[in-house]
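*Asks:* Residue numbers (the numbering used here), protein chains in the order written: chain S, 9 to 489; chain B, 7 to 292.
Since the hints were derived computationally from the structure, they do not count as laboratory data.
What you are looking at is a predicted structure, and each value in this text was computed from that prediction instead of being measured.
We put the beta carbon where it would ideally sit given N, CA and C, even for glycine.
There could be a bad hint or two in this list.
[Said to hold, decoys possible] Keeping only pairs whose Cα atoms sit at most 30 Å apart, straight-line, the calculated DSS-like set for lysine-lysine is: (1) S:Lys-262 / B:Lys-102; (2) B:Lys-91 / S:Lys-262; (3) S:Lys-208 / S:Lys-229; (4) B:Lys-284 / B:Lys-274; (5) B:Lys-239 / B:Lys-284; (6) B:Lys-102 / S:Lys-325; (7) S:Lys-229 / S:Lys-301; (8) S:Lys-262 / B:Lys-82; (9) S:Lys-299 / S:Lys-325; (10) B:Lys-274 / B:Lys-239; (11) B:Lys-82 / S:Lys-208; (12) S:Lys-325 / S:Lys-262; (13) S:Lys-301 / S:Lys-325; (14) S:Lys-301 / B:Lys-284; (15) B:Lys-281 / B:Lys-239; (16) S:Lys-299 / B:Lys-91; (17) B:Lys-102 / B:Lys-91; (18) S:Lys-325 / B:Lys-284; (19) S:Lys-325 / B:Lys-91; (20) B:Lys-281 / S:Lys-262; (21) B:Lys-102 / S:Lys-299; (22) S:Lys-307 / B:Lys-281; (23) S:Lys-325 / B:Lys-239.
[To be verified] Each pair of labels, with its calculated beta carbon distance range: (24) S:Ala-14 / B:Asp-248: 44 to 54 Å; (25) S:Leu-295 / B:Gln-97: 50 to 60 Å; (26) B:Pro-28 / S:Asp-18: 46 to 56 Å.
So you can see what is in the structure, the chains are spelled out below.
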Amino acid sequence: MIGTLAGFVDELRAVGIPVSMVEALDAGHALGVVDIADRRAVQEALAATMVKNHRHRAAFDVAFDVYFGLTPAAGEPGTNAAATAQMLPTGAGGVGSGEGGESESHGDPSAEELADALVAALAGGDRAAMLDVVRRAVERLAGMEPGRPVGGRYYLYRVLRQLDVDRVRSRLLDEAGSGDGLDGRLRRRRVEASMDEFTKELRREIVRRLVADRGAAAVAKTLRRPLVEDLDLMHATREELAEIERMVRPLARKLAARLAQLRRHGRRGRLDVRRTIRRSLSHGGVLLDPKFKPPRRSKPELFMLCDVSGSMATFAKFTLQLVYAIAHQFSRVRSFAFIDALDEVTDYFTPEADFADALAALSREARIVWQDGHSDYGHSLAQFWEQYGADVTPRSTVIITGDARNNYRESGEWVLEQLASAARTVLWLNPEPRRYWNTGDSIMSAYRPHCDAVFEVRTLRQLERFVEAVALRASLAPAPV
Amino acid sequence: MHWSDASEVTSALVAAGYLPDPAIAQVVFLADRLGKPILAEGPAGVGKTALALALSAATGRRLVRLQCYEGLDEAKALYEWNYHKQLLRLQTDEGKPWDDLQGDIFTEEFLLTRPLLEAIRSPDPIVLLIDEVDRVEVETEALLLEVLDSFQVSIPELGTISAVTEPIVVLTSNNTRELSEALKRRCLFLHVDYPTLDRERQILQSHLPELGPDFALRIAEVVQAIRDLPLRKPPSVSETIDWARTLVALGIEELETVPGDTLNVLLKYRSDIEKAAKELSADPPG
């Protein structure tokens, strides 16, 4: 057990979850207290002692399934002989088969039969039958070969494709009935939940078998994924984007709270004579407790210029979302969107507005396309300077987000030169990896000399740090590249 | 008294009117066994503070509560010397030799105990609740470390005061900022999230026994569907209960549609209410 625990701790650290020595020891102590046969208890005990950040919990659960998934647990259906006997087909082995649809086929149920059984199990809410389908589907459809170094995801998609899950889902939805009313909506929600549950169990079953074949450490390696805050924003899958999306809001809230605290409790200002004397009265006139005036801070004015063409739109959205969450840190935030033309979009982002809605409205209504809808930094920047250049003062901070891929058009770098002398600071955020800058039609080097700093911002973590640094200004700024 | 497994914790808490999910019961059990504090983190209104109250009720221990806020310091969390009383004492004793005096004014008589010290000195076992610990500044967290680590407080003039009985310690955090590693390391981490459908139904029924199981399930399901929406502030458990109360008070016994004018019990932002009303095709708010 200790050996497994040590391997598990190594794996957690490899995934990026910081587990200190003390915490690993605590985990050991906890294991001494809980019922080892109860897998759920072991899982919670290990999580409570070693995972101190809820964002890391999903990664922990994956690793846990790999390292402890094979241990058959009391009271948990699904870990029967089929799993431990390493991929030998044991078609008939299963908990009571679901009602209807599914004949007692001891040999090879076809994909259609399995799909039918799945529909019946999910529609009837029969968990045991669903787990049975999971097991048989993996045996039958995954085509797992011992020793083959293929990641679990490959098998998962293989099973899902052959079962034709989209059809299973639509059949269930049909059964749930359409209906726009509350009833229909709740029924559809139940279908989605049961499908998610099924996919989750399927993934676990595949992992279970992979581990039996290749050992925990090897499988864990193929399943490692970066934590959400370290996902590459530009190359995230749809699933990952949804995860990022879920994280942005709490992150923004946190950032706002932290900055508000820092602002209030930063360094002290000058001595407040009036309040100090007033306080001294309660100590018999002794100046025991000096009071200070809160320091006065200047709030910068922010100009956000965001490239919202194609893939840049997502990045612009996350950036704007974070910036607006801390808008009260600035005297004013004005935002501008451009593709090959530029328009002011400040009014779309009221505190009440939903960011996804605002962006959709913006791409419909704002005049950000001039000719062909391909990025044109030169034209957009020139337009900004003509229409709004007079508003940029030495109190302004200008932040430009974009990949500087200009489709071989005119760069308009003279605008940045003007901005650099008019504004207090000009910053550029580029979500592309630095080694791609200046390749192809990227003309980062043309703009770079005129910016006070240029940042490669590819993950949520970097973005958060950047926004915080802008709000706190120079003193805590991350080292520019 | 120690619990022998997590299911005992569950039944004790249920008897105290709190329905823990398996993870909560497990962590409470571990905390009791390993003598470590629990750090409960999660969105507002999911029952983090209620857990401490229930623990106090279930174990019959007194609850000592330290509400954290910005600007909380040693004098308000741990102890303070009663300066005014010391001054009075010095004035009445004028003329006495110095040695007599200095020993006198730094004794327990002049000590004002604050929640943490009170918890440590309590002769009978207690539950210590440190509420919303994320509100204090990072530097102030350090105040708590000694208490959490070894249940003791060091006062330079008096020496170290250790706990007579081992307290159960619960810290709660709304996660508005990252707590320090040092603090987290000393605690068992418990993420309390919105309850599952079934648990929310049970919570509703335990608070409002007059609800039928079907109706309670229906309410819980609607609330969970609302939580799926991208809202500024998703409804908390306590708001779910309030909403159920409202429905009962209005004599509503079935939810064919969502009565739009009751949504303001559940949601606290205008944009949220509009969004939920639209998505669930509720009756328009009157």
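*Asks:* Out of the numbered hints, which ones does the structure contradict?
*Replies:* 1, 2, 6, 7, 9, 11, 13, 14, 19, 21, 22, 25 and 26
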